[in-house]
Amino acid sequence: MIETTAAPFPTIRVRPWLGRLAVASSLIATFMALVWAPTDAVQGDVYRIIYVHVPLAWLAYLAFFVVFLASLGWLWTKRPWFDALAVASAEVGVLFTGMFIVAGSIWAKPTWGVWWTWDPRLVTTAIMFMMYVGYLLLRSLSTDFSRRATRAAVIGVIAVIDIPIVHLSVLWMNSLHQLPTVLRAGGSPSLDAAMGMTLGICVVAFTLVYFAFLAERMSIELDRQRRMLEARA
Amino acid sequence: MIENLGFIVAAYVVVWGGIALYLISLRRRRDRAQRPRN
Numbered sequence: 020m021i022e023t024t025a026a027p028f029p030t031i032r033v034r035p036w037l038g039r040l041a042v043a044s045s046l047i048a049t050f051m052a053l054v055w056a057p058t059d060a061v062q063g064d065v066y067r068i069i070y071v072h073v074p075l076a077w078l079a080y081l082a083f084f085v086v087f088l089a090s091l092g093w094l095w096t097k098r099p100w101f102d103a104l105a106v107a108s109a110e111v112g113v114l115f116t117g118m119f120i121v122a123g124s125i126w127a128k129p130t131w132g133v134w135w136t137w138d139p140r141l142v143t144t145a146i147m148f149m150m151y152v153g154y155l156l157l158r159s160l161s162t163d164f165s166r167r168a169t170r171a172a173v174i175g176v177i178a179v180i181d182i183p184i185v186h187l188s189v190l191w192m193n194s195l196h197q198l199p200t201v202l203r204a205g206g207s208p209s210l211d212a213a214m215g216m217t218l219g220i221c222v223v224a225f226t227l228v229y230f231a232f233l234a235e236r237m238s239i240e241l242d243r244q245r246r247m248l249e250a251r252a
Numbered sequence: 297m298i299e300n301l302g303f304i305v306a307a308y309v310v311v312w313g314g315i316a317l318y319l320i321s322l323r324r325r326r327d328r329a330q331r332p333r334n
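From first to last, the protein sequence lines are chains A and B.
Read in order, the letters of the first sequence correspond to residues 20 to 252 in this note's numbering.
Read in order, the letters of the second sequence correspond to residues 297 to 334 in this note's numbering.
Heads up, a few of these hints could be off.
[Said to hold, decoys possible] Computed list of chain A residues with no C-beta within reach of chain B, every gap over 12 Å: (1) 88; (2) 91; (3) 150; (4) 161; (5) 167; (6) 181; (7) 219.
[Said to hold, decoys possible] One-sided excerpt, in silico: chain A residues whose CB lies under 8 Å from chain B: (8) 63; (9) 67; (10) 114; (11) 118; (12) 228; (13) 232; (14) 243.
Simulated from the structure, these hints should not be mistaken for laboratory data.
What you are looking at is a predicted structure, and each value in this text was computed from that prediction instead of being measured.
Glycine residues also receive a C-beta, built at the ideal position from the N, C-alpha and C atoms.
Sequences are here, hints too, so could you generate the full structure?
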C-alpha cells in the first residue's frame with residue numbers, strides 16, 4: 020500500500036526563510052569571493068573560481084549521498100516521501116555537478132592550457148554526472164510508481180560508490196588536478212586563513228541554496244505524487 | 297587590469313545563471329502544478 024505524506028517537508032513556514040537566507044548568504048559569499056579575498060601569489064585572480072568550484076563539488080557529493088540515504092529509506096519503508104527526497108536531491112545534484120564541471124573547465128583553460136583533459140578526477144566526475152543523468156532518465160521509463168521508485172532506488176544505492184572514487188582519484192592515480200585542499204586525510208586545510216574563511220562562507224551559502232532547492236523540488240514532487248494517487252483512487 | 301577577468305566572469309555567470317534558471321524552472325513547475333485542471 021502506497022501512502023502519500025500529508026505534510027510536505029519542510030513546512031511552508033521554513034521554506035521562505037531558507038530562500039531568504041540562501042540569497043543573503045550568497046550575496047555576502049560572492050562579495051567575499053570577488054572582492055574581499057586576497058589575490059593568489061601563484062595563479063593571480065583566476066583562482067577565485069575556486070569559490071564556486073569547490074562548494075559545487077562538495078554539494079555534488081552531498082546531493083548524491085542524500086540520494087543514497089533516501090534510496091535506502093524507500094527500499095526499507097516504501098514511503099513515497101523518500102522517493103521524493105531522492106529525485107529532488109538527484110536533480111539538484113545533476114545541476115550542481117554540471118555547473119561544477121563547466122566552472123572547472125573554465126578554470127582549467129588559463130591554468131592548464133586546455134578546456135578538458137582525460138585526467139582521473141575529470142573522467143570520474145563526468146562518469147558520476149552521467150550516472151545521475153541516467154538515474155533521472157530511468158525514472159521516466161516506467162509509469163508504475165512503486166516499480167519506478169524501486170528501480171531508481173537500486174541505482175541510487177549502487178551509484179554512491181562513485182563519490183569516494185571521484186574524491187580519492189587524485190591520490191590513487193597520477194593526476195594533473197591538484198590534491199584535495201580542504202578534505203585532506205591527516206592534515207588541516209592548505210589554505211591562507213582569509214581564503215579559507217571565504218571558502219567556508221561560500222560552502223555555507225551554496226549549501227543553503229541546495230537545501231532551498233531541495234525543499235522546493237520535494238514539495239513539487241509530493242504534490243505530483245498526491246495527484247497521481249488521487250487520480251488512481 | 298585584472299588578469300583572466302573573462303574566465304572569472306564566465307565561471308560566475310555559468311554558476312549563478314544556472315542557479316537562476318533552475319529557480320525559474322521550479323517556479324514554473326510550481327505554478328503549473330497549482331493551476332486548476334479541466
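Next item on the list: Any hints from earlier that this structure breaks? Give me their numbers in increasing order, please.
Entry: none
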